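Colleague: The residues making up each chain are set out below.
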Amino acid sequence: MKKKNSLRAYLFLAPFLVFFVLATAYPLVYGIILSFFGQRGAKMWFVGANNYAAVVADPQFWSGFGIPAFLLFVQIPLMLLLGIFIALLFERIKRSAFYRLIFYLPYALPGVIAGILWSYMFSKSMSPFVPLLKAMGVAQPDFITNPNLPWILLVIILWEWTGYTALVLYSTLVSIPPEYAEAAQIDGATRFQIALHIKVPMLKNTLFLLLIFNSIGALQVFNEPRMLGGLITLPPNFTPAMYIYNEAFSYGAFTFAIAMGLVLAAVIFVISFLFMKGSVKELDVHA
Amino acid sequence: MRKLSRTIPPHLWAIALAIFFLLPVYWLLQSTTKDNGQLIQGTFLPGDPNHFVNSNLTEVASFNNGVMLQWLANSTLYAAVGSVVSTFFCAMAGFAFRRYIFVGRRFLFLLILGFSLVPGFTLTLPLFIEFKDLHLLDTMWAVIIPSCVNVFGVYMMVVYWNQVPDEMFDAAVIDGAGETAMFFRIGLPGVRPGLITLLIIAFVGIWNNYFLPLVMLSDATKFPLILGITTINSLQGFPIYNLRIMGAFLTALPLLVIFAVLQRFLAPQLTGAIK
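Protein chains in written order, with the numbering used here: chain A, 1 to 287; chain B, 288 to 562.
Read the hints as simulated data drawn from the structure, not as lab findings. The model shown is predicted, which means the values in this text are computed figures rather than measured ones. Glycine included, each C-beta is placed from N, C-alpha and C at the ideal position. Each hint can be trusted.
Which residues of chain B face chain A? A few of them, derived with a C-beta cut under 10 Å, are:
no.	residue
1	314
2	438
3	453
4	456
5	501
With the rest of the complex left out, here is chain B (with noise of 0.2 Å):
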């Protein structure tokens, strides 16, 4: 390493590795304007005729009755209604471990701080039983209930109110604020960045939650856009590759906007490390 770091300048390192890193995004971009026939051809330029409109966009909104239209709308559906309730929990039991001395305190937090490190599928397993005898399997509250949960976000949450000095809420104390006022006037402007990290962590999350629908779904009008393009297949049972690609990009780019808009909220820390 030493050798090969002087003979060879930074920047040349930096060029190769960022062709590694844009490779995959680069071929996903160039693979949505090819047809079938031009994807067997296995070229890493844009196809000619470019058939990104023509024959790509078009039958992505009639392929099975414009099903992949109700993937998008599903996904969107399950990640919004999951990231707002799930962030706005977590930010109200954030507050209480930050404002309040109270019974169970300690083995509370440990105990969510456990749970946190629970796999997703050793939970799935049971609560696909417990949505069985509930007659919950195959509707979509079986996804939205289990994401209205982040039960690390919790632990997040308590990190950022911890960042409210007390004398925010000694202020409110005297200008006579209750309770429930200085959670949503003193409280939630606090810890804003929090909110909107966690909102945009679990929004992702959800997007990107391919095992819980994989489970809990059988009704392909329910599923998710990343369940539903893995299912992308002809009658006779073959995968339609340029339409999964489509899928592929349509699931992508969302994630894509969020992170060029969205960046200075997500900091690369150690706490958001599952994917």
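Just chain A, with the same shape it has in the complex (with noise of 0.2 Å):
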């Protein structure tokens, strides 16, 4: 039984929220009141929605998507089919764990490292591919040239979430009741269709999940990308996240960069709405 106090939970409540409302809350509130003003230095005036007219009518802007479409539509899908590849695979193999570790080890690593380690691995100076492609012929090899750049960007990506998606589905998988397969077995079934028609859509709640995060992500993401910009020359709007960040760092267009924040977050926020209707079941559990 719950019991009603309003006073007691406020009170332990309260370290929380004066944290949360310092450092989110109000950041956000603040945030959307200075995205209706125009700035210049130190100098700020009201402008309505002046800067989201701007945001909206800037093709900078929203050629920064370029990046989150290719992943959304070829990282991801990609790396979905390896991760029930890999799922199957676990499946399949006996004593998997010490693979699963292996294939999880990624996860471990932040993203900017993630970003060195591959962008130092694909350099002119330090690949330990180029010596390897010379001795097969391949004259000068150049990894990291700007039509490259979504590919690489892929690689690295694919190599950080990809045994984790496996992991996840593969928890999945070892939920499903093994009479399902063995009955479709001895109905003459052959392993591929297993997987293909009783495996796959059992899992098709777990890929939905695995889609709203990673497109969640894919929106968002700046290390990776930072980080190959040690080694070449980024343009500044090369993703949504990497345009805000130079708009108010390099041109000191703090509102409009705020602004682009905001509409940034509104699309991710439909997003997860999906996501989000599903968890608030979790405050009933004893009601």
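Build the complex: two chains, separate frames, hints provided.
Modeller: Pasting the structure below:
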């Protein structure tokens, strides 16, 4: 039984709420207010919705979505397919714990480190692949070129998240009662048919959640491309997050950058709304 | 896929993938044994002679009067303070949601859940201006204060508290325990696995946070390691690769240790999916 006691409840909530307001809620409200102001240096003046109009009309902002779109339509589907393949592989290998540990390992490292490692491994100066390719007859292998960047980013993000994805899918797979697959096997279904028609449909919800999480991640991608930026000059609007950062800190257009940040947050919020609807259920477990 | 998986045994697939996943980690480890001359040879083999201790570690200690060690200390401070404080606050907030019916309960839960979806950099820019107004910019507080808030942690804590059965609270009431005693003596032990998980996730999250200090700090002696290593340049402005690699190694090492030792607390869930 829960107790009715608002005072006690808020005493327990107070420490969290104080910091929450200071570092999360107030900044958002403040940001929304600031987004209605024009700004040059320290001078600010009210401009209504001009910043938002400028964001919507700014081709630089929208062309920054090229990379998230590439990740959404190429990297994420590829990773989910690979994840399913690896999860099924884990099922077939009797002692897969060792492999699971290794595949999960990249998840332990932050995007900045992943970005540094891969960009160095692909760099002209240090790449261990260059001598190999030269020995195979490629004259001057150069990985980090502008047209290659999306693919390098794809490799980095696949490396970071595929193992995690596979493990999430695997933990769903092992929770499926084995009777389904056994029954199908008796009916003469091949392993491939069982995977395609019985197991993959059971992964539907998990795949959907992974898709949402990864889409949110793709829209915010910043650290990995910023590390690549140490080796090649990137356009300031390479991704939406980089454009926001550069507008604020390279060009000093803070209120415009804040407005862009809020537009991006709105896009992300719409995508995550579906996930939220599921989470509210937790509140009523013991009601 | 069908034909391939039939002709190639599963173990071969697994080994091929394992090589891909291990490659950068292996490359990092073997690179720590090389000086800059050896690094540009671009091999997969450890440096010969081995420069791990003799030039690399000593250079780490001496670079800019030992600023790399300062970064290591800063990262530890930020992550330790932020993770302990935020986790404790989350546990208290979770207890409030589990134990009480109060005015605004549903609204507050939705609000917190909603805020967990607001991207970090949307908040960090106005936070930068707020901290500028409060004269907190370029102080350690500018990193510590936001690190003490773990919005999604509250949601996770609510989930963990929901696993503590009503009977435990009822028994405590019969024993005459007050609410505070109930939180510390019955509640916290009951959610201990959750506490540890949250503590690790928060520690790692702060240790890995690059964007917040990037925005808030300009004084290099206050940088955490993850930001500092991206600024290691020679006087001419060129990256010093062996030191950057050593920095990446020092950043990664505690994470790999945590990962190896505390793995059972870090079962892959969809909850911790934001790096």
